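Engineer: Sequence:
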Amino acid sequence: MDKHIVADILNEIGFYLEWKGESPFKTRAYENGARAVESLDEDLETLIQENRLGNVRGIGKALEQKISELVTTGHLKYYEDLKAEFPSGLFELLKIPGLGAKKVRALYDTLGITTIGELEYACRENRLVGLPGFGEKTQQNILKGIAHVRTGADRYLLSEAGVMAYSILKKGRNCPQIQSIQIAGSLRRSRETVKDIDILASSDRPKDVMEYFVSLPDVADVTGQGETKTSVRLQGGIAMDLRVVSPEQYPYALQHFTGSREHNTRLRHLAKSMGLKMNEYGLFRGEDGQRVSCADEEEIYQALGMPYIPPELREDTGEVEAALEDRLPKLVESGDLQGIFHMHSRYSDGSDTLMALAEETRRQGYHYMGISDHSRSAYYARGLKEEDVIRQQEEIDKLNAGWDDFHIFRGIESNILPDGSLDYPDDFIDCFDFVIASVHSNFRMDRSSMTNRILKALENPHTTILGHPTGRLLLSRDGYELEMERILEKAAEKEVVIEINANPHRLDLDWRWCKKVREMGIRLIINPDAHSVAEISNTGFGTAVARKGWCERKDILNCLDTAGMKEFLRKRKLDYNRKIL
DNA sequence: GCCGTTTTCGGCCCGACTGTTTTCAGTCG
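Letter by letter, the first sequence follows residues 154 to 734 in our numbering.
Everything labelled a hint here was simulated from the structure, so no lab data went into it.
A quick note: this is a predicted structure, and the numbers were derived from the prediction, not measured.
Idealized CB from N, CA, C, for every residue including glycine.
Do not take every clue at face value.
To be verified - For lysine to aspartate or glutamate, the following EDC-like pairs were computed, each having C-alpha atoms within a straight-line distance of at most 20 Å:
{"id": "1", "residue 1": "K323", "residue 2": "D371"}
{"id": "2", "residue 1": "K248", "residue 2": "E217"}
{"id": "3", "residue 1": "K647", "residue 2": "E547"}
{"id": "4", "residue 1": "K179", "residue 2": "E191"}
{"id": "5", "residue 1": "K248", "residue 2": "D161"}
{"id": "6", "residue 1": "K483", "residue 2": "E468"}
{"id": "7", "residue 1": "K230", "residue 2": "D307"}
{"id": "8", "residue 1": "K324", "residue 2": "E289"}
{"id": "9", "residue 1": "K726", "residue 2": "D631"}
{"id": "10", "residue 1": "K290", "residue 2": "E278"}
{"id": "11", "residue 1": "K156", "residue 2": "E238"}
{"id": "12", "residue 1": "K156", "residue 2": "E278"}
{"id": "13", "residue 1": "K230", "residue 2": "E278"}
{"id": "14", "residue 1": "K173", "residue 2": "E273"}
{"id": "15", "residue 1": "K483", "residue 2": "E440"}
{"id": "16", "residue 1": "K348", "residue 2": "E539"}
{"id": "17", "residue 1": "K647", "residue 2": "D558"}
{"id": "18", "residue 1": "K719", "residue 2": "D558"}
{"id": "19", "residue 1": "K668", "residue 2": "E688"}
{"id": "20", "residue 1": "K156", "residue 2": "E233"}
{"id": "21", "residue 1": "K348", "residue 2": "D631"}
{"id": "22", "residue 1": "K173", "residue 2": "E191"}
{"id": "23", "residue 1": "K719", "residue 2": "E648"}
Claimed, not checked - Label pairs and their calculated CB-CB ranges:
{"id": "24", "residue 1": "S629", "residue 2": "D599", "range": "35 to 45 Å"}
{"id": "25", "residue 1": "P370", "residue 2": "L423", "range": "12 to 22 Å"}
{"id": "26", "residue 1": "L727", "residue 2": "A215", "range": "13 to 23 Å"}
{"id": "27", "residue 1": "E222", "residue 2": "Q293", "range": "38 to 48 Å"}
{"id": "28", "residue 1": "H157", "residue 2": "G207", "range": "31 to 41 Å"}
{"id": "29", "residue 1": "H228", "residue 2": "D196", "range": "35 to 45 Å"}
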């Protein structure tokens, strides 16, 4: 059972318990449990089988038992009994911004509302006005909220949100009252999708700054405005929060608003145990309330007895413990990448020539690129027939002869056919320097068939890289069902490299798995999956994923220099030829 | 319901903003 479903059910239980007037700490325990499950970086079923679920922070005996029952049997009696006490639909109402358990209950108790449709009707009939705790404004906001929920756009790709955020940031830098300004929140942590944009600024004149922002043409609607915080919705539909603090408060506020909430909660607990109080305005000594002076985030972490934790790691997945024990990874950086693989040219479905791709890649400071157009069965993408491959390789050889500081590797993105075989016969496929094996068809196989299909591709000695391992498209398509642990074990055994596909719609492998992959000694490669010159810069999103996945330079194959990469690929082919002899 | 160098009971992170209220509950992050 998918962990997101389990988390939803725990949240739903929390909602019912709150409704019933249970202890707020108990309802929070369910919500914390839901978050803990949501952010697991291991397979839930494995954790249960190995009896390790109870070790997860936030999951105690009771939740362990309930989650186990739910996952192993597909049912949870406690939940089903509880749910039966309530009309269906109530939980859906929580999706509307501004509605929580208390207000939903009030709507039900007074007007009998159980669905979003009924709620909308009641608002249009003006029935909410006059209810205790409700008024004209609340009713309007609920209608707006319903409209927004119906658009379905509650999350945005990192790339999309990033573009909008940078545009705002740029304008903010033109505001003379602003001293410092920076993107915070999940965007700064490079989450693959974000719900909103958080911008933090420092100024001695916060009011002017607020006014400057709400008057920007990007702002479609102001949803809240206070002395230090303004909330707006931008033209593109995404919500943005702007916080303004004083220059002295800025480092603390940056740390605070970068989050994650879970990371900050951990830090505040730790601070408390050290006799300190921590909030967005500072780190304060308990005895005299004096601020511990910190010039930047680094000094805040130092004051808490640990080295600086980069934003990408601040997800409460062990980074605080690692920092305290001084075993944080030295994260890979964009400048560490020496070259990029997985590029499509006009030979298949790319829009630029080999020459154009090579020139731009070289211009961006890389020393090599790996061309991998689609293989022959990819009709939809004009996959290469054998004679096309030969033609392309001749062109590559010619181009390579013209450079001494750049190299094009000759590869292919081979479809993994439904039976797990690759797309060209063995005696032909040997002509490539590398092969990226990817699934592009028959996504709806059952878990075990899909796993076996990919395992077979990994067994194939020609497979150098496993491309976009889950096939997910963020916000539109879940990845195919597969047993990732078995895939990874096989990749480790066969020394197959796992791709971090940097296309912002994919970001696949997910960062939550990357940590495990590197612990297993498997190498990852950050690939743009570029179909044009413009998409070469996607690579940066892949680097962000690698950083979120705790990866160091040594974990990433394309940190090898040209000679190292040539040697790596040559050795793999040698090993293969030895095996077939 | 969870958790623990204050450890098996007794706490549980912290603050901003809104809308309704006339001092604060609810929601959000």
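Engineer: Please go over all the hints and tell whether each is borne out by the structure.
Structural biologist: Hint by hint, here is what the structure shows:
For the suggested pair K323 and D371, the alpha carbons sit about 12 Å apart, so the restraint of at most 20 Å is met. A hinted pair counts as satisfied when its Cα atoms are at most 20 Å apart, and K248 with E217 does not qualify at roughly 27 Å. Using a Cα cut-off of 20 Å, the hinted pair K647 and E547 is violated, with the two alpha carbons roughly 30 Å apart. Distance hint between K179 and E191 is fulfilled; the C-alpha atoms sit about 19 Å from each other, no more than 20 Å.
For the given pair, K248 sits about 12 Å from D161 by alpha-carbon distance, which is consistent with the 20 Å threshold. Between K483 and E468, the direct Cα distance comes to roughly 17 Å. Compliance with the 20 Å bound is thereby established for this hinted pair. Proposed proximity of K230 and D307 is contradicted: the alpha carbons are some 32 Å apart, above 20 Å. The suggested pairing of K324 with E289 is violated, with an alpha-carbon distance near 35 Å, which exceeds 20 Å.
Restraint check: the Cα-Cα separation between K726 and D631 comes to about 34 Å, which exceeds 20 Å; the hinted pair is violated. With a CA separation close to 14 Å, the supplied pair K290 and E278 stays within the 20 Å bound. Our distance criterion of 20 Å between C-alpha atoms is broken by K156 and E238, whose separation comes to about 25 Å. Proposed proximity of K156 and E278 is contradicted: the alpha carbons are some 40 Å apart, above 20 Å.
For a cut-off of 20 Å, the pair hint linking K230 to E278 is broken: about 39 Å separates their Cα positions. For the hint pairing K173 with E273, the CA-to-CA distance comes to about 25 Å; that exceeds 20 Å, so the pair is violated. Restraint check for K483 and E440: not satisfied, since their Cα atoms lie roughly 36 Å apart, outside the 20 Å limit. Straight-line distance between C-alpha atoms of K348 and E539 comes to about 46 Å, which puts the hinted pair past the 20 Å bound.
Only pairs whose Cα atoms come within 20 Å are accepted, and K647 paired with D558 is rejected, the gap being roughly 31 Å. Between K719 and D558 the CA atoms are separated by roughly 14 Å; this keeps the pair inside 20 Å, and the hint holds. With a C-alpha separation of about 26 Å, the suggested pairing of K668 with E688 is violated against the 20 Å cut-off. At roughly 18 Å between alpha-carbon atoms, K156 and E233 fall within 20 Å of each other, so this suggested pair holds.
For the hint linking K348 to D631, the alpha-carbon distance of about 18 Å falls within 20 Å, and the restraint holds. A C-alpha spacing of about 25 Å is found between K173 and E191, which places the hinted pair above 20 Å, so the restraint is violated. Distance restraint check for K719 and E648: the Cα-Cα separation of roughly 16 Å lies within the 20 Å cut-off, and the hinted pair is therefore satisfied. Checking the proposed 35 to 45 Å range against S629 and D599 shows it is violated: the Cβ atoms sit about 22 Å from each other.
Taking 12 to 22 Å as the suggested C-beta distance range, the pair P370 and L423 does not conform, at roughly 43 Å. In this structure the supplied range 13 to 23 Å is violated for L727 paired with A215, their Cβ-Cβ distance being about 56 Å. Checked against the given bound of 38 to 48 Å, the beta carbons of E222 and Q293, roughly 43 Å apart, stay inside it. Look at H157 against G207: about 21 Å separates their beta carbons, and that is not inside 31 to 41 Å.
In this structure the hint that H228 and D196 lie 35 to 45 Å apart at CB is violated, the actual value being about 20 Å.
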